[in-house]
Structures are given as structure tokens and as C-alpha cells.
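*Asks:* Residues per chain are reported as follows:
6 protein chains.
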Amino acid sequence: MDTRTAVIARRRLFSSAHLYDQKKFSREENLATFGRCHTPHGHGHNYVLEIFVEGRIDERTKMVIDLTDLDSILLTVTDPLDHQHLNFDVAEFKEKVPTTENIALYLREKVRIELQTRHPSLKLKRLRLFETDDLWVEIE
Amino acid sequence: MDTRTAVIARRRLFSSAHLYDQKKFSREENLATFGRCHTPHGHGHNYVLEIFVEGRIDERTKMVIDLTDLDSILLTVTDPLDHQHLNFDVAEFKEKVPTTENIALYLREKVRIELQTRHPSLKLKRLRLFETDDLWVEIE
Amino acid sequence: MDTRTAVIARRRLFSSAHLYDQKKFSREENLATFGRCHTPHGHGHNYVLEIFVEGRIDERTKMVIDLTDLDSILLTVTDPLDHQHLNFDVAEFKEKVPTTENIALYLREKVRIELQTRHPSLKLKRLRLFETDDLWVEIE
Amino acid sequence: MDTRTAVIARRRLFSSAHLYDQKKFSREENLATFGRCHTPHGHGHNYVLEIFVEGRIDERTKMVIDLTDLDSILLTVTDPLDHQHLNFDVAEFKEKVPTTENIALYLREKVRIELQTRHPSLKLKRLRLFETDDLWVEIE
Amino acid sequence: MDTRTAVIARRRLFSSAHLYDQKKFSREENLATFGRCHTPHGHGHNYVLEIFVEGRIDERTKMVIDLTDLDSILLTVTDPLDHQHLNFDVAEFKEKVPTTENIALYLREKVRIELQTRHPSLKLKRLRLFETDDLWVEIE
Amino acid sequence: MDTRTAVIARRRLFSSAHLYDQKKFSREENLATFGRCHTPHGHGHNYVLEIFVEGRIDERTKMVIDLTDLDSILLTVTDPLDHQHLNFDVAEFKEKVPTTENIALYLREKVRIELQTRHPSLKLKRLRLFETDDLWVEIE
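Residue numbers (my numbering), protein chains in the order written: chain Y, 305 to 444; chain V, 305 to 444; chain R, 305 to 444; chain C, 305 to 444; chain U, 305 to 444; chain S, 305 to 444.
Among these hints, one or two may not hold up.
Note that identical chains are pooled: a pair holds if it fits in a single copy or bridges any two copies.
[What the hints assert, rightly or not] As a list, the in silico DMTMM-like pairs of lysine to aspartate or glutamate whose alpha-carbon atoms are at most 20 Å apart:
1. LYS427 / ASP393
2. LYS327 / GLU444
3. LYS328 / GLU396
4. LYS398 / ASP362
Since the hints were made in silico from the structure, they are not lab data.
For reference, chain Y alone in the conformation it holds in the complex (with noise of 0.2 Å):
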């Protein structure tokens, strides 16, 4: 990492509902694959986002992003899962597994549009899906 590189990381909360059901597998299949993930309606988890964001420090800032733009982003990506079932009210996992893994899949491509779009200099380094304090997912 060059000398006046930095990454800048942020967390926010959403809480959302989701189930385990993969189309092609019988309910057998389903059951034995995801157990007590395998329910009609679901359960549900507070899900902690922490987005890890990497470029130079700016002259004039000396910030690699403002805080507010990074909340925003934090934001527009969570906004649409938030208070949501992710089974039902999401497109994405209308047919989609929403796993933690695919869930973080879905994050990183949202947040990497922003990013792109908001400041193209900037790259998401890592990204964290916690579903509880115990258990997250990191890809990068």
C-alpha cells in the first residue's frame, strides 16, 4: 500500500427476514441441506454490512471519502433489504438463495456500482456480512 493510501471502513445494521429453499432440490433435499433454514416463512437476523473502501487520501480533505457519502452509499445498497423479506420482497432472491455468501455477493455488486458512478477512483478493498457477531462472510 502506497504512503498516502488508506482504507476507510463503516458498518451499518439492516434487519431483514429470509429462508433457505432451493428450487431444483426436493424437500428432502431442502431439509437435509438447510435444516431449520428450511421453513415456509422464515426467520430473520440483524445483518451488520461493513464495507471497507481503499484509495489515496485527498490533497485538500485529506479524506479518502467524506463520511456522509459513504453513509449514503451504505445507505442506497441496505435501503431495499432493510425491514424486507428477502425470499419474497427482493428480486434478486425471488430465485436466489439469500445464504450470507450470496446475500454479500449481491452487496458487493450494489456497492461497487456506487462506487463506480459516485468516485471511480475509489476501490472496495473488502466486504463484510456479519448474520450474527459470531458467524459473517468476507469477500473481496
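Based on the hints, put chains V, R, C, U and S in the right spot on chain Y.
*Replies:* This is chains V, R, C, U and S only, laid out in the frame that chain Y set:
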């Protein structure tokens, strides 16, 4: 508090979905009252239940209650809610609105029954139910 | 506590600077009493305010108080302190020393006024003000 | 609580080993009662002690107690336990079983002596001893 | 990292006693090197192990590894240490000093064996072992 | 990473005041860029510094670095900032804007000097500076 009396407290997480829908209300009243919590399929949380059990320190074991017993009580009362949709899967909340307050009252009743059956000399001094780290309900 | 009474608790962070300087003291007394907290420009903290609001669970909403209202009260009382230097920017602390104890008393008064105005049937049962995770003041 | 009264709370971690062995018990009773806690050499914890000290806010300092004093009390009472094996190195627990309840009673006595000596007008309102983040004992 | 690759991380607590005693050292050298950690009976900690498992997201389950498997691995590797005295009860540490670094190396080996046996396509990307919340060792 | 190499990480809190004021900017530019962080007297934070020190595990002590040394380094680098107003009391920030990015760069330089002097074979692998639990900067 008597010298040999103590309170032992224990936490347990469970993950559920819920939604707020007061049957007596019109759709407009439901939206005005519950906002984002009034959706057809709901959202969810990692709830954390804390129970505070008060009693005399046993002369022989030097404990108020054995941890295995305490965990068994917590499992017994939270298991019917864990990985369930409170409104659709739990009889209590098919009619009652599963607000954090109502879930706490329901859990207090269940914990009291377990204590009464297993350890009639012990008392549930306090119960806390966290919806997130920053929002919780406390009842005595 | 009556069966249908509950306490709802909520946290909010605010970031302020402060310094300890008792006008009645000589410089020597100030240093002896306040040590590193007695400097000309001060230092700062991420304060966390927790308020515990007690009341009957409303028959219709099944809540003690709506979360939006609760957050509005917290914002109203912490906003005048957030991102401010308590000694120089907040009238209350131009004369009074902004110890955690004094800030807690000030906030209790402000929360009580808000509750009295908005929800006269609700009571502030407890208020906690954290200076760090390991040091806080609790008043009733 | 009087308007000018407050409780100040402070945490301190100490790391100790312990084991549960009730001398009056046979080996079978010990194992049946204490399970994995009954081993010849013991195991250990990062204990966290929280003390809640109540008193009037001093008219001159605007504090209940100075943080340096509070930390000195915590150090005085936890230092004899820190980095020790409670059963073998601490007189109190050569006979008594070092359950969390018993350690809490022991620490309450020690804190009361310190407060009585240093600040007779202050009162230990509550003491909490955490064995882990999810299990603790609270005494008054 | 490939688009469909993710890291899943999981935490588990275990409670052990340990002491630092380098057989090659004289008592003076042991005290000079290890300070309060060199006692005859030891002290203890709530250790927290975090493992970061990297692999492709399975096409059918949309997960890197099932949570039940992950927990089984963590239980398998930590159970021989949990509620034990590392120096007296665990073969590995009868000779080797159970510093956090050495325990981390030991656990990495054990986790790798479990992964190799159960999920040869998955890789242990990182392992963190916390002695307290504020002190930990990280190895790859 | 070589088999016998590990990273040891350690946290330390310090409390400082700061304000954002870019001398090159007009008042309007300062307000537009820094918002609530541009005030005459500033606000403050409980900063948490984490340093990640990488090196070979010493053959004799089985540690990368002794905890006393690690804490001494952390104290040496944070003490000049702790309970100070960064803009008025710390030479470095009389001209430079004390953004979290800039404070992190400053601390990295200071930690490197300490490591170079005391333990030239060890390397600062990563440094994280938290402004709050939910916002931090990470540099290598």
C-alpha cells in the same frame, strides 16, 4: 438483598422473523402506527434474551442454579421461537402483535413456568429482550 | 411492576469535547483535583446515552412508546451536545464543570421535559451515560 | 434517588484459574454437581468486575468519586486474584469453592472495606462479576 | 479472489488455564521473561478462536460450508482444550510453552487436518486466537 | 506467511478533541467540506488504536514480542495525544488537519520508529484507528 442471595444472569440468542399487523386497525392505521414494520412477509432480528434468576446460594454447591439447568430453561423457552416466523409459526402471535414488549411478556410467562416447575425457590427477578444492541425491553 | 408495564431502553452516541476547570479553584487545586482533564483546550469522548422509559404497554399498539418518538427524544436532547465543545459551546457548561455526573443530570432534565410534553404518562426510570465502555454514570 | 445522587460504575478485567471441588463431596458427587469444572488442575476465565458506587455529587468537584480512586479500589481488590489460581494461591478459596457467586461475595466484602476506609459516605450499590460476556452474577 | 469465492468466519469460546514455564530457563530467567505468567498453578482465560475458511460457493447450496460442519470442526479442535489446564492436561503443552502464539499454531494444525479430511477443497485462510478482547494472535 | 511467523495485535484507547479546519480553505469551503466537524473549539472521540506486529516466534520465549513491550510502544505513541486537543496541543496537527486518515499516518510513523529502535526484526503489518466502533481507518 440478603448476604447469601445472588442473581445469576445468562444470555441466549435466537433468530426470528416478525411483522406488526394490528387486526383491529385499517391498513392506513397499521402503516401510520408501525411504518416499515407493517409488511406482508415481515423482516427479522437476532433477538437476545437475558434472564436474571434470584435465589439463595446453595449451601452445598455454592451456586444459585447450575449452568446446565439455566441453559436448559433458556433453550426450552427460546427454541419454539428460534428460526421461526413469529406471526405465522407461533400460536401466541397469530393474534397478538409480536412487539418486543409482547414477546418479553410471553417469555417471562414461559420462564416463570419453567422455574416454578424445576426450582420453586428461585425467582425471575428481571428479563431483558434485545431487538438490537441499541434497543431493548426490560420487565420485572 | 404491573404485568402490563415495561421499560424500553435505547442508546445513542454523541461526540463532544470537554475539560474540567472549577472556577472556584486555583490552578494548583484544579490540577490536583482533575489531573489530565484540566487542560486549556480539553479532550473528548464518544459519549453513549441510554434512556430507560417506563410505562404501560398501549392496548392498541402493544408498545410503550414508538421507536420513532424515542429516537426523536434522544436526538432532541443530544443534538445540542453532539460535535460541540461542552465548555465553550453549551450554555449549561460555561459555568458548570462538565463531569459525567453533571452531564447526566443535565440530560435527565432535558429528557424529562421531552417526555412530559410528548408522553406525560411515561416516566424516565433510569438514565445511563457512558464516557467509555468501562466507565459510566447511572441516575434514576 | 436524591437529585444530586448518582451511581458511578467502572469495569476491570482479571484473569484467573479455578476449579470446583466441594471437599464434603465424594468424587462422584463432585462430578455430578460440577461436571467439566471438576478437574485436578482447573481451567480459567477473563473475569470482569463491575462496581457501582453510589453517593452524593461533591459540591466542589462535581464528581461522586475521582476516577483515580475508583481504579485504585478496583486494583486493590482484584490484584490478589489476577494471574493467580484461585484454589491454590488465594487463601479464601483454599476451602471455599470459587464459584462465581462466592467470588462475587468475596469481592463485595473487599470493596466495602476499601470504600469504608477511603470514602465512608459512599455506598457499594451493586457489584457484577462476569465469567464470560454471557454469564454473570449480580449482588447488591 | 475469484467472483464466486468467499471466506466464511466463525467464532467459538473456550476456557482454559495455562502458565508460562520454559524448561530450559532458570527460575530467574522464567520470571524475567514471563513475569506474572510464571506461577506454579497458572491462571486462565476465555479464549476465542476465529477461523476463516475460504472456498468456492457451492453451486447447489450457495454456501462455502454448512454451519453445522463449521461448528463441528470448531468443537472438535477446541473441546480437548476447553475447561482444561493446558500445561497439565494437554499433551502438546506438557513440553511446549502455551503462549497464545503456540496455541494458535497448534490449533491451525488441528483445523487443517479437519478441513483436509472433511472438505479437501476448502482452505484455512486465517486463524485468530484472542486471549482477551484487546490482545490476539493472527496467523495465515 | 512462514510457519513460525505470527502477527500479534493489541488495542489501546485514547481520548482526544479535534476539529477540521483546512487553512487553505475559506470558511464556506471548510463548512461545505467538513460540516459539523468545522467548529472553533472542536469535539472529541474515544479513539482506539490497534497495531498488528508481525515477526518470527522467538525460539526461547515462544512469543513474537512480550506484552509489556507491546504496551510500552502503544503508550509511548498514544500518550502525547491522550487527553489532548489535537489541533492546539500536538505539533503535528497545528498545520495538518487531524482527520482519522492523517492521525493514522502519524501513528504509523511513530510505531515504526519505536519498533525499529526496540525490535528491528519486527514489522508493523497493519494499523487500525477507530473513531467510533462503526468507523475506522486501516493502513498497512
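*Asks:* Against the structure, test the hints numbered earlier, and report the numbers of the ones violated in rising order.
*Replies:* 1, 2
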